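Participant: Construct the complete structure from the given sequences, taking the supplied hints into account.
Each protein sequence line maps, in turn, to chains A and B.
Using the working numbering, read the first sequence as starting at 144 and increasing by one per residue.
Using the working numbering, read the second sequence as starting at 30 and increasing by one per residue.
These aren't lab readings, by the way, just hints derived from the structure by calculation.
A quick note: this is a predicted structure, and the numbers were derived from the prediction, not measured.
Treat the hints loosely; a few may be bogus.
Listed below are the simulated DSS-like cross-link pairs for lysine-lysine, each with C-alpha atoms no more than 25 Å apart in a straight line [what the hints assert, rightly or not]:
| no. | chain 1 | residue 1 | chain 2 | residue 2 |
| --- | --- | --- | --- | --- |
| 1 | B | Lys161 | A | Lys478 |
| 2 | B | Lys67 | A | Lys524 |
| 3 | A | Lys463 | B | Lys115 |
| 4 | B | Lys87 | A | Lys478 |
| 5 | B | Lys67 | B | Lys218 |
| 6 | B | Lys91 | B | Lys115 |
| 7 | B | Lys177 | A | Lys463 |
| 8 | A | Lys528 | B | Lys67 |
| 9 | B | Lys67 | A | Lys463 |
| 10 | A | Lys478 | A | Lys505 |
| 11 | A | Lys478 | B | Lys34 |
| 12 | A | Lys509 | A | Lys463 |
| 13 | B | Lys74 | A | Lys463 |
| 14 | B | Lys161 | B | Lys115 |
| 15 | A | Lys301 | A | Lys341 |
| 16 | A | Lys463 | A | Lys505 |
| 17 | B | Lys201 | A | Lys463 |
| 18 | A | Lys463 | B | Lys176 |
| 19 | A | Lys478 | B | Lys91 |
| 20 | A | Lys509 | B | Lys34 |
| 21 | B | Lys161 | B | Lys34 |
| 22 | A | Lys463 | B | Lys161 |
| 23 | B | Lys201 | B | Lys139 |
| 24 | A | Lys478 | B | Lys74 |
| 25 | A | Lys661 | A | Lys633 |
Listed below, chain by chain, are the residues.
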Amino acid sequence: MKMKTKIMHSMVLLAVVCVVLSSLILMFLISFISGNREETELENRTLAYANALNRFQGHGQDFISMPQTESEGDFWREFSQAGITSGNIRLTLIAPSGELLFDTYAEVGGGDYRSRAEVSQAINTGYGRSRRYSDTLSQYTLYHAVRLHSGDILRLSKTMDSMFFTFANIVPVMIFAIGVSLVVCLILSGSLTSRFTKPLNKINFMSGTFYDENTEIFEEFIPFIRKIKKQEEQIISQYSQLQERMDTINAIISNMHEGIILLDNEQNVLRANKSAARFCGNNFLSASKLSRLRGDIPTMEQSEEGGNAPFLDGGHERLKINTFVRDINFLEGVKTALSGIPCNLSDEYGGRDLEITFSPVKTGKKIDGAIVLFIDVTEKKSAEKTRREFSANVTHELKTPLTVIMGMSEMISEGMVKPDDVKIFAEKICKEAARLLRLIEDILKLSRLDEGLRGEQLEFAVIELGALAGEVLQRLAPVAAQKQVTLVLKGDGKINASRNLIEELLYNLIDNAIKYNKPNGEVVVEVSAGEITVADTGIGIGEQHLERIFERFYRVDKSRAKKTGGTGLGLSIVKHIAEYHGGSVGISSRLGEGSRVRVRLG
Amino acid sequence: MSRTKYDRQLQNLNDTLIEMAGVVESAINDATRALVEKDIALAQKVIDHDDDIDSFEKEIEKHCIDIILRQQPVAGDLRLISAILKMITDLERIGDHATDISEMTTFLAKTEYIKKLVHIPEMAQVACTMLKEGIDAFIRRDVELAKKVIADDDKVDEIFIHIKEELIELIKQDVSNANQAMDFMMIAKYYERIGDHATNVAEWAEYAVTGTHEA
Chain A
144 MKMKTKIMHS
154 MVLLAVVCVV
164 LSSLILMFLI
174 SFISGNREET
184 ELENRTLAYA
194 NALNRFQGHG
204 QDFISMPQTE
214 SEGDFWREFS
224 QAGITSGNIR
234 LTLIAPSGEL
244 LFDTYAEVGG
254 GDYRSRAEVS
264 QAINTGYGRS
274 RRYSDTLSQY
284 TLYHAVRLHS
294 GDILRLSKTM
304 DSMFFTFANI
314 VPVMIFAIGV
324 SLVVCLILSG
334 SLTSRFTKPL
344 NKINFMSGTF
354 YDENTEIFEE
364 FIPFIRKIKK
374 QEEQIISQYS
384 QLQERMDTIN
394 AIISNMHEGI
404 ILLDNEQNVL
414 RANKSAARFC
424 GNNFLSASKL
434 SRLRGDIPTM
444 EQSEEGGNAP
454 FLDGGHERLK
464 INTFVRDINF
474 LEGVKTALSG
484 IPCNLSDEYG
494 GRDLEITFSP
504 VKTGKKIDGA
514 IVLFIDVTEK
524 KSAEKTRREF
534 SANVTHELKT
544 PLTVIMGMSE
554 MISEGMVKPD
564 DVKIFAEKIC
574 KEAARLLRLI
584 EDILKLSRLD
594 EGLRGEQLEF
604 AVIELGALAG
614 EVLQRLAPVA
624 AQKQVTLVLK
634 GDGKINASRN
644 LIEELLYNLI
654 DNAIKYNKPN
664 GEVVVEVSAG
674 EITVADTGIG
684 IGEQHLERIF
694 ERFYRVDKSR
704 AKKTGGTGLG
714 LSIVKHIAEY
724 HGGSVGISSR
734 LGEGSRVRVR
744 LG
Chain B
30 MSRTKYDRQL
40 QNLNDTLIEM
50 AGVVESAIND
60 ATRALVEKDI
70 ALAQKVIDHD
80 DDIDSFEKEI
90 EKHCIDIILR
100 QQPVAGDLRL
110 ISAILKMITD
120 LERIGDHATD
130 ISEMTTFLAK
140 TEYIKKLVHI
150 PEMAQVACTM
160 LKEGIDAFIR
170 RDVELAKKVI
180 ADDDKVDEIF
190 IHIKEELIEL
200 IKQDVSNANQ
210 AMDFMMIAKY
220 YERIGDHATN
230 VAEWAEYAVT
240 GTHEA
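Facilitator: Spelled out as C-alpha cells, the structure:
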C-alpha cells in the first residue's frame with residue numbers, strides 16, 4: 144500500500160468520524176437544553192396561572208370549579224386561547240373527584256383523571272409533573288399540575304418533538320454534511336498528502352546533495368537522509384576500491400601469457416583466462432557461444448566481441464572441466480589436486496609443449512577447489528635443444544683438431560716418426576692448432592654477438608661500404624689468386640653500423656664465395672646503402688640445405704669441410720651481425736651454378 | 030533424496046562417458062602418430078589399451094541399465110541414456126579400429142613405405158576432428174556442431190576415394206607395391222569407418238537433444 148493512499152484513507156475516516164460525532168453531540172445538546180428550557184417555562188407558567196386563579200378565588204369568584212355560565216365558559220376559552228397562542232399550551236382543569244372540568248381540546252366530562260401521575264401527585268403534594276411519549280415515539284408531552292386553593296387541579300401540558308424525531312430529521316442533513324466533507328477531504332487530502340510526500344520524493348539519492356536547496360525538507364527526515372548519505376559515500380568508496388582491485392587482478396590474469404583455470408571442488412570451471420582457452424583448443428569460447436545460444440549462461444570473455452570482461456565466469460550454470468578437456472592425464476591431475484595433492488603434468492597440447500600445474504585451494508583442511516596453471520615451455524624447450532646441439536657440436540669440432548694434434552705429437556714423442564717426417568708432422572700440428580684457434584675465435588665472436596644482442600652497445604659510425612669492401616677484397620686477393628677467382632666490386636653506399644662487425648661480415652661472405660668457387664670463377668660484391676650482395680659462380684647449395692645453412696656448425700658437405708678449413712660458423716656469424724643491425728640475410732642458390740647472399744642492414 | 034541420488038548417477042554416467050571418449054580419442058590419435066612416425070612402441074600401447082575401452086563400454090552399459098531399471102527415467106533423461114547406450118557401441122568400434130590400425134603399423138613400420146604418407150594422415154586428421162567434435166556436440170548438447178560433423182563425413186569419403194585411386198596407380202606402376210598398397214587400403218578403410226562411427230556419435234548427440242534420429 145502506498146503511503147499516500149494510507150494518509151488519504153486516514154484523513155477521510157477522521158473527517159467522517161468528526162462529522163458524525165459533532166452532529167450527534169450538537170443534536171443531543173440542543174434537544175437537552177431546549178427540553179430543559181421548555182420544562183422550566185411550563186412550570187413557571189403553571190405556577191403563574193395557579194397564582195392568578197388562586198387570587199381570583201380569593202376574591203370570591205367561584206366560577207373556576209365549573210364553567211356554568213356563558214361568561215365563565217368564555218373566560219376559560221379565552222384563558223386557554225392565551226395559553227395556545229403563547230406557546231401551544233393545553234390547559235386542563237380537573238375536579239378533586241377526577242372529573243374533567245375544562246380542557247382546551249377535549250369535551251368536558253369523561254374518565255377519572257386521578258390515575259394520571261401528575262394529577263395524583265398534585266392531589267397529594269400540591270404539585271405534580273410527568274412526561275409521556277406518544278405511540279410513535281416521535282413526540283412527547285410535558286404535564287405540569289398544581290392544586291388550586293379550591294382543591295381543583297390545574298394542569299398545563301405541552302407536546303414537543305422527541306429527540307428521536309429530531310435525530311430522524313437531522314440524518315439527511317448529516318449524510319449530506321458527510322458527503323460534502325468527504326468530497327472536500329478527497330480534494331484536500333490529495334494535495335495534502337502530496338505536500339507531505341513531496342520532500343521525500345524530491346530526495347535524489349543519486350545526486351551528491353540529495354535534494355535541491357529550494358526544497359523544503361521536514362526536520363524529521365534529516366537524520367534519515369544524513370545516515371543514507373553517509374552510507375552511500377561509504378558504499379561508493381568501497382565499491383571503487385573493490386573495482387580497482389578487481390581491475391588490477393583482471394588485468395593481470397587476462398593478460399598473462401600463462402593459462403589459468405579456477406575450479407570448484409566439483410570440477411566445475413569458475414574462471415578461465417584467454418591463454419587457458421587457447422591452450423584448451425579454444426573450447427571455452429565455443430562453450431560460451433553455445434551458452435549464449437541457449438541463453439542461460441553469461442559466460443566467457445566477450446573479448447572476441449571487444450568487451451572487456453576478461454574471464455569466463457561460470458554464472459548460474461557451471462560447466463564441468465570435462466566439458467572442455469577430455470585428456471585422461473589432465474582429468475587425473477584435476478582429481479589429484481582436488482584430493483589435496485598438488486601435481487604436475489608436462490605434455491604436448493595442440494602443438495605446444497605445456498607444463499601444467501594442478502594446485503589444490505584449501506581453507507583450513509577443507510578443499511574448496513583447484514587452480515590449474517598452464518605454462519608454455521615450447522620456446523624454452525627448443526632453446527634447450529639448440530643449446531644441447533651446440534655444445535655437442537662444439538665439443539666435436541674442438542675434439543677433431545685436438546685428436547690430430549695429440550696423435551701426431553704422441554707419435555713424435557714415442558719416436559715413431561722418421562726424423563725426415565718430423566717437419567711434415569709439425570706442419571700438420573701447426574695447421575690443426577691454427578684451425579683450433581680459428582674455431583675458438585669464431586665461437587668467441589658468436590658468443591660476443593649473442594651478448595651484444597642482449598644489450599651490450601657497440602660503437603656505431605658511418606661507414607663507406609665501397610671502401611670497406613675494397614679493403615676486404617684486397618686482403619683476400621691472394622687467396623682468390625690462388626684459386627684463380629676474379630673479384631669484382633660494384634656500387635657504393637654509406638651506412639651507420641659497427642665497422643668491425645661489417646668488416647667481419649664482408650670477410651666471411653667473400654671468403655665463402657672464394658672458397659666454394661670453381662677455378663676461373665667470379666665473385667661479385669655489390670654494395671649500396673643498407674644492402675650488401677655477394678654472388679659467386681661456385682658449386683651452389685642444394686635446395687634441401689638452404690633452410691639450415693645459417694645454423695651453427697651446419698655443413699652442406701661434411702667431407703669437404705676439412706679441405707676448405709672452415710669452422711662451420713661463418714654464415715651463422717653473418718646472420719648474427721645482420722640481426723644485430725636490425726637486418727636480415729637471404730640466400731638463393733642453384734646447384735652447380737653458384738649462390739647469391741643478400742644482406743639487408745637496418 | 031532419491032532424486033539427488035538419481036542426479037548424481039546421471040552425472041557419474043556423463044563423466045564416465047567423457048572419460049571413455051577421452052581414451053578413445055587418444056587411442057586414435059596415438060594410432061595415427063604411430064603409423065606416420067613408425068613408432069612401434071606407441072602402436073603397441075594402443076593395442077594394450079583396447080581392453081580399457083572395452084571395460085569402459087561394459088561399465089557404462091551396466092550403469093545405463095541400472096538407471097533405467099531402478100530410476101525409470103522419462104523424456105529427456107531416457108533419451109540421453111539411450112543415446113549413451115548407442116554411442117558407446119560406436120566408441121568401442123572406433124577403439125577397435127584404432128587397434129586394427131596399430132596392429133598393421135607394428136609390421137608396416139619395419140618396412141620402407143612405398144610412398145610418403147600424405148592423404149592417410151589428412152584423412153586421419155579429418156576423422157579425429159569429427160570424433161572430437163561429435164563428442165563435443167554431445168557433451169555440450171550442441172546440435173549445430175553435430176550437424177557439421179555429419180556433413181564432414183563426405184570429406185572423409187572423398188579422401189578415401191582419392192587414396193583408392195592413388196593406390197591402384199601405384200600397383201599399376203609396380204606390382205611389388207601391391208602388398209603394402211593393400212595394407213594402406215585397409216587402413217584407409219578403417220579411417221573411413223571411424224568417420225562413419227563419428228557421424229553416428231554426432232547423430233546420437235543430436236538425438237539426445239532433439240529426440241529425432243535420422244538414418
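Participant: Work down the list of hints and note, for each, if the structure agrees.
Facilitator: Okay, the hints, checked on the actual structure:
1. B:Lys161 to A:Lys478: This hinted pair holds, its Cα atoms lying about 22 Å apart.
2. B:Lys67 to A:Lys524: Answer holds: Lys67 (chain B) to Lys524 (chain A) is near 24 Å, not above 25 Å.
3. A:Lys463 to B:Lys115: holds (23 Å)
4. B:Lys87 to A:Lys478: holds (23 Å)
5. B:Lys67 to B:Lys218: It holds: about 19 Å lies between the C-alpha atoms, which stays within 25 Å.
6. B:Lys91 to B:Lys115: At roughly 13 Å apart (the allowed maximum being 25 Å), Lys115 (chain B) and Lys91 (chain B) satisfy the hint.
7. B:Lys177 to A:Lys463: holds (24 Å)
8. A:Lys528 to B:Lys67: Roughly 23 Å separates the two Cα atoms, so the pair holds.
9. B:Lys67 to A:Lys463: violated (37 Å)
10. A:Lys478 to A:Lys505: Given that 25 Å is the threshold and the Cα spacing comes to 14 Å, the pair holds.
11. A:Lys478 to B:Lys34: Since the Cα atoms of Lys478 (chain A) and Lys34 (chain B) sit roughly 21 Å apart, the hinted pair holds (cutoff 25 Å).
12. A:Lys509 to A:Lys463: At roughly 20 Å apart (the allowed maximum being 25 Å), Lys463 (chain A) and Lys509 (chain A) satisfy the hint.
13. B:Lys74 to A:Lys463: Violated, because 29 Å separates the two Cα atoms, which is more than 25 Å.
14. B:Lys161 to B:Lys115: holds (17 Å)
15. A:Lys301 to A:Lys341: Measuring from Cα to Cα gives roughly 61 Å; hence the hint is violated.
16. A:Lys463 to A:Lys505: holds (20 Å)
17. B:Lys201 to A:Lys463: violated (54 Å)
18. A:Lys463 to B:Lys176: holds (24 Å)
19. A:Lys478 to B:Lys91: The given pair, whose Cα atoms are some 24 Å apart, holds under the 25 Å limit.
20. A:Lys509 to B:Lys34: holds (23 Å)
21. B:Lys161 to B:Lys34: violated (30 Å)
22. A:Lys463 to B:Lys161: Status holds; Cα separation ~17 Å.
23. B:Lys201 to B:Lys139: Holds: Lys201 (chain B) and Lys139 (chain B) sit about 24 Å apart, inside 25 Å.
24. A:Lys478 to B:Lys74: holds (24 Å)
25. A:Lys661 to A:Lys633: holds (21 Å)
Checked against the numbered hints above, the structure violates hints 9, 13, 15, 17 and 21; every other hint is satisfied.
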